[in-house]
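Protein chains: 2
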Amino acid sequence: MLENTGRTELSSLGEFGLIKQLTQFIEIVNESSIKGVGDDAAIIDYKGKQTVVSTDMLVEGVHFDLAYVPLKHLGYKAVSVNASDIYAMNAMPKQILVSLAISNRFSVEAMEELYSGITLACHRHKIDIVGGDTTTSKSGLVISITVIGEANPEDLVYRDGAKEGDLLCVTGDLGGAYVGLQLLEREKQIFMESPGVQPDLEGNDYIIERQLKPEARKDIPVLLQKLEVKPTSMIDISDGLASEILHLCSNSKVGCNLYEEKIPIDPSTYNMAREFNLDPTVCALSGGEDYELLFTIDQSDFPKIKANPDITIIGHMTSEKDGKNLITKGGTVHPLIAQGWDALLKK
Amino acid sequence: MLENTGRTELSSLGEFGLIKQLTQFIEIVNESSIKGVGDDAAIIDYKGKQTVVSTDMLVEGVHFDLAYVPLKHLGYKAVSVNASDIYAMNAMPKQILVSLAISNRFSVEAMEELYSGITLACHRHKIDIVGGDTTTSKSGLVISITVIGEANPEDLVYRDGAKEGDLLCVTGDLGGAYVGLQLLEREKQIFMESPGVQPDLEGNDYIIERQLKPEARKDIPVLLQKLEVKPTSMIDISDGLASEILHLCSNSKVGCNLYEEKIPIDPSTYNMAREFNLDPTVCALSGGEDYELLFTIDQSDFPKIKANPDITIIGHMTSEKDGKNLITKGGTVHPLIAQGWDALLKK
Numbered sequence: 167m168l169e170n171t172g173r174t175e176l177s178s179l180g181e182f183g184l185i186k187q188l189t190q191f192i193e194i195v196n197e198s199s200i201k202g203v204g205d206d207a208a209i210i211d212y213k214g215k216q217t218v219v220s221t222d223m224l225v226e227g228v229h230f231d232l233a234y235v236p237l238k239h240l241g242y243k244a245v246s247v248n249a250s251d252i253y254a255m256n257a258m259p260k261q262i263l264v265s266l267a268i269s270n271r272f273s274v275e276a277m278e279e280l281y282s283g284i285t286l287a288c289h290r291h292k293i294d295i296v297g298g299d300t301t302t303s304k305s306g307l308v309i310s311i312t313v314i315g316e317a318n319p320e321d322l323v324y325r326d327g328a329k330e331g332d333l334l335c336v337t338g339d340l341g342g343a344y345v346g347l348q349l350l351e352r353e354k355q356i357f358m359e360s361p362g363v364q365p366d367l368e369g370n371d372y373i374i375e376r377q378l379k380p381e382a383r384k385d386i387p388v389l390l391q392k393l394e395v396k397p398t399s400m401i402d403i404s405d406g407l408a409s410e411i412l413h414l415c416s417n418s419k420v421g422c423n424l425y426e427e428k429i430p431i432d433p434s435t436y437n438m439a440r441e442f443n444l445d446p447t448v449c450a451l452s453g454g455e456d457y458e459l460l461f462t463i464d465q466s467d468f469p470k471i472k473a474n475p476d477i478t479i480i481g482h483m484t485s486e487k488d489g490k491n492l493i494t495k496g497g498t499v500h501p502l503i504a505q506g507w508d509a510l511l512k513k
Numbered sequence: 167m168l169e170n171t172g173r174t175e176l177s178s179l180g181e182f183g184l185i186k187q188l189t190q191f192i193e194i195v196n197e198s199s200i201k202g203v204g205d206d207a208a209i210i211d212y213k214g215k216q217t218v219v220s221t222d223m224l225v226e227g228v229h230f231d232l233a234y235v236p237l238k239h240l241g242y243k244a245v246s247v248n249a250s251d252i253y254a255m256n257a258m259p260k261q262i263l264v265s266l267a268i269s270n271r272f273s274v275e276a277m278e279e280l281y282s283g284i285t286l287a288c289h290r291h292k293i294d295i296v297g298g299d300t301t302t303s304k305s306g307l308v309i310s311i312t313v314i315g316e317a318n319p320e321d322l323v324y325r326d327g328a329k330e331g332d333l334l335c336v337t338g339d340l341g342g343a344y345v346g347l348q349l350l351e352r353e354k355q356i357f358m359e360s361p362g363v364q365p366d367l368e369g370n371d372y373i374i375e376r377q378l379k380p381e382a383r384k385d386i387p388v389l390l391q392k393l394e395v396k397p398t399s400m401i402d403i404s405d406g407l408a409s410e411i412l413h414l415c416s417n418s419k420v421g422c423n424l425y426e427e428k429i430p431i432d433p434s435t436y437n438m439a440r441e442f443n444l445d446p447t448v449c450a451l452s453g454g455e456d457y458e459l460l461f462t463i464d465q466s467d468f469p470k471i472k473a474n475p476d477i478t479i480i481g482h483m484t485s486e487k488d489g490k491n492l493i494t495k496g497g498t499v500h501p502l503i504a505q506g507w508d509a510l511l512k513k
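Chains A and B, in that order, give the protein sequences.
In terms of the numbering used here, the numbers along the first sequence are unbroken and rise by one, the last being 513.
In terms of the numbering used here, the numbers along the second sequence are unbroken and rise by one, the last being 513.
Warning: the hint list may mix true and false statements.
Pairs count within a copy or across copies, as identical chains cannot be separated in the list.
With a cut-off of at most 27 Å between alpha-carbon atoms, the simulated DSSO-like pairs for lysine-lysine come out as follows [unchecked claim]:
#, residue 1, residue 2
1, K186, K419
2, K470, K384
3, K329, K304
4, K470, K329
5, K186, K329
6, K186, K487
Simulated from the structure, these hints should not be mistaken for laboratory data.
With the rest of the complex left out, here is chain A (with noise of 0.2 Å):
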């Protein structure tokens, strides 16, 4: 990704340099921005609408293995996982704050490169950066980004909405990340094995995208707008859609029947999962990171969203006695569980 022009050390800066170097381009968009870098805090004015906020921490070794992750792309994936959080409460996300604790084995060059794929990102979702901190690490990168949006009250979708009755629906599609992931690390040992050979990632864009760079919903919440939907509950997936769907069910008080048949899954998804013997429905289910929305509607607002590409019905939410269940393509009833990657890495 990083063109080579040399390596400039991080402590030839200093950290006030450092920050300088990575902020001198921050443009300001959001009326809402009073102030942002350069004071002890940022400020904030929604003139009336509520303020929401989320955190999330994306740890090296942990969350990324930078052997495969351009850093360009994981600045972009670090803003996208916490827009996410925002479009989950139907709200829109103005502004971040983005803390970075980075070891000397990083360049100046290097955090540019973090710091374009983070620029990238909010210039997508039309988010200002108002703060953050930049600080050693005695070892990998942590990037721990707080994301703040508003809006209005009426507005907002919780998790806790849902009713029996109720539709249960996911945007775009799942488990893509997961086998891109699968692909990514399966590349990473052969190049490991063999450093001569290139990567073969040849006709898995989508996959690969959906792992390294995951868009997450902005168009969402202002579909649901336009189509006179407000959500009854929603959740963003970032630990599978099993988890997801027990979130809603716990929270709601409710039970679910989920049907395999409805789970929208890829074609490039599918047959990679196929090529790794791991069974698509699993990987959609346990696999997370893939950053769609899932949201439960009433019924009578199914004429409103049935036509849409965008959103697929995977089933309805049942009184809390009956429990939460994944009906399989074959027609038996199993309880659903949230197993995450233990599912997946056991086979």
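The hints should help you fit chain B onto chain A, whose structure is shown.
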């Protein structure tokens, strides 16, 4: 600090279990905290007031050494340093988000100890914990806290409002946190060389507390309001007096005269500095971590603050072309420079 009640591995709880364990006793005290932990994001409503937001990251081995920093103190300090940034805007902190990256060498009990310090400080500052992120780290402990507060727009004080002739004021006393650190480092060395020797910290409670358990100046915005004084500029002292004065000068485009003899230094700080062959003034100028507030006021406000034991006038602002000067006890004039810890370490 921690009673030996056995060790529970983090892996035995998992991420969701640990979050539940740590957050189960959180109580919301502020009316503005509409929705706390438990959804994709927290919701805040300051009802027309402006939002003030800041973030600070503490990294093991860089900002703290667990050889002598008890986890409870560390949690307390992590909240204090963040709250201090909000007080420095003449605003009041109301909510925080706490992100932790934890390696598996820590037990659940250790994290409870850290959290007990966090909640103690929150209780003291009337701050609600409304969110965060808890994740694994490959090596050390990283604490990233974002603090959110409120202010009436007309009360906010920035770094850029100081004018020529304004009086330069500081709260409390300076240098204590730095000499406290020297003492702790010395006792750590002695302990490492002779593990049987208990640390000799007796009689040094004040400087030890200044380092381990700094108290952000919650009382100062309240006091200033009572005195009907609005500073023209303000900043908190995290990097040392010299560095912070230079920030006010460059942001406000003014110069300053700082009088060495006026810098408030506690006798215990003075004596311990001497014991280490350190110049107490240099400790105050370059030591940092005192988390006192530095501010400028219009000369006409002098009668309102002159009798206050918590506030010391240490100089005045001049025109930019007159430069930033330190006038020593001997009456000589030196340019004021921010050396940070370099000045101390190079002795």
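- Task: Pop the pair K470 and K384 into one bin, within, between, both or neither, using alpha-carbon distances up to 27 Å.
- Result: Result: close within a single copy only, 19 Å intra versus 52 Å inter.
- Item | Homomeric proximity label, K329 with K304: Cα distance no greater than 27 Å | Classified as neither; 49 Å inside a copy, 41 Å across copies.
- Item | Identical-chain pair category, K470 with K329, by Cα at 27 Å | Result: close within a single copy only, 19 Å intra versus 60 Å inter.
- Message: With identical chains, the pair K186 and K487 could be close in the same copy or across copies; at 27 Å between alpha carbons, which is it: within, between, both, or neither?
- Response: Classified as between; 24 Å across copies, 57 Å inside a copy.
- Query: Given identical chains, is K186 near K329, meaning Cα to Cα at most 27 Å, within a copy, between copies, both, or neither?
  - Reply: between (50 Å within a copy, 25 Å between copies)
- Since the copies are identical, ignore which copy is meant and state whether K186 and K419 lie within 27 Å (CA to CA) inside a copy, between copies, both or neither. between (49 Å within a copy, 18 Å between copies)
In summary, the one numbered hint that this structure violates is 3.
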